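Put chain B on the given structure of chain A with help from the hints.
Here the protein sequences line up with chains A and B, keeping their order. Following this note's numbering, the numbering of the first sequence begins with 1 at its first residue and continues without gaps. Following this note's numbering, the numbering of the second sequence begins with 1001 at its first residue and continues without gaps.
Read the hints as simulated data drawn from the structure, not as lab findings. Do not rely on the hints blindly, as some may be mistaken.
Said to hold, decoys possible - Listed below are several chain A residues computed to face chain B (Cβ distance under 7 Å; list not exhaustive):
| no. | residue |
| --- | --- |
| 1 | 136 |
| 2 | 152 |
| 3 | 174 |
| 4 | 175 |
| 5 | 176 |
| 6 | 217 |
| 7 | 225 |
| 8 | 227 |
| 9 | 228 |
Small disclaimer: the values here were computed from a predicted structure and weren't measured. Think of the CB as a built atom: it goes at the ideal place given N, C-alpha and C, for glycine as much as any other residue.
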Amino acid sequence: MALKPDVHIYGKTNQVAGIAADGVSGLGEPMAIVEIALCGYGSQVPGVTSDGNIGRLTNSIIAATDGTWTTDVYNNSNITPAGTYYVVTIKDENGDIAQVKAFRVTAGGSFDFETIAPIDPDQPPPVIPTPPPVSELLYVAAANGMTFDGSDYTAFTTTLPGDVTSSAVQNMVAGNLYTFIIRQDGTGGHSFQWPAGCQGATNANPQANGTAVQTFVAFDSDTLFAIAPGTYLP
Amino acid sequence: MTNRKLKRMVTTGDVIIDGYQADTWFISLTRNVNLNFKHMVAGRLYTILLIQTGDKLVNWPANVNAASLDPRKGSISVQTFFASDPATCQSISAMTYMEKP
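The following block holds chain A by itself, in its conformation from the complex (with noise of 0.2 Å):
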């Protein structure tokens, strides 16, 4: 179920030092614009917890001739990466900076824009903390036409109970390293068939229990050049 912003912010214009109380000149104009945008997500695509990406990271609202602007974004809490927090800036009519003003919301309802709590302007912004890390290595079952998909994970390994006379790789990301881990079970001797992609590989090391390790640069979906003749491991 999607996820609804649950954070109302409102305020008012015309409290801003700079910006006219008395509204616009009578042409209709705006007295001002109101930006609001997501910050400190970093080079992740920010989402909101369980429920894919945000669609719209900026927004700009013209005020009100009264002066009043409300704007509805989700908390803080519920956006991924952790860390992000808002910039609001407010323009008078002329586009010129009348006020700015970096908060975090961390709980759902309904805020004066005024006396929400500033990120200290003298501060760097939150720190964005490190994700926790992933495994990026996928056990392949060995069998004959086994494939390694490379479009979530860049590592591959699989233990050798027989021979494998067929094998295949797909997905792979142009440009990304990718490692595979060639195991010999306990009899060892069994033959691997390498991918038809991967050129310059390096056969499986015969040893019971012998593991082999080579890594390719993916050069398109379904070809790998070997980076590096393979290592022996007993």
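Chain B alone, transformed into the frame defined by chain A:
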């Protein structure tokens, strides 16, 4: 999974390998080129694929150790480096040579 940044280039002049822009470069050689490295991030691995159009030469900077590339048309030479400072890269293995599929 974090994808590595890829930059595809066709040589029209000297090439700048800028670590701010990519982690992997696919470079089609249409002429002899000088490679220059900058902004490499110490500790990272960088990979360069050089796609040969035939007998083109690459001059590596003095602070980057790399082998000579395969001169054959259609060949691909791959070299991966470990960056130790913004302009110094150490190859992690010998260059590998493949053919374009």
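Okay, the hints, checked on the actual structure:
Against a cut-off of 7 Å between C-beta atoms, the interface hint on residue 136(A) holds, since the closest Cβ of chain B lies about 6 Å away. With 7 Å as the threshold, the beta carbon of residue 152(A) comes within range of chain B, its nearest partner Cβ sitting at about 6 Å, so the hint holds. At its closest, the beta carbon of residue 174(A) sits 6 Å from a beta carbon of chain B; the interface hint therefore holds under the 7 Å criterion. Interface restraint check for residue 175(A): the shortest CB-CB distance to chain B comes to about 3 Å, inside 7 Å, so the restraint holds.
Taking 7 Å as the C-beta cut-off, the interface hint given for residue 176(A) holds, the closest approach to chain B being about 5 Å. At about 5 Å, the closest approach between the beta carbon of residue 217(A) and any beta carbon in chain B falls short of 7 Å, and the interface hint on this residue holds. A distance limit of 7 Å between C-beta atoms decides the matter here; for residue 225(A) the minimum to chain B is near 5 Å, and the interface restraint holds. The restraint placing residue 227(A) at the interface with chain B holds, with a minimum CB-CB distance near 4 Å, inside the 7 Å limit.
This hint holds: residue 228(A) has a C-beta 3 Å from the nearest C-beta of chain B, less than the 7 Å allowed.
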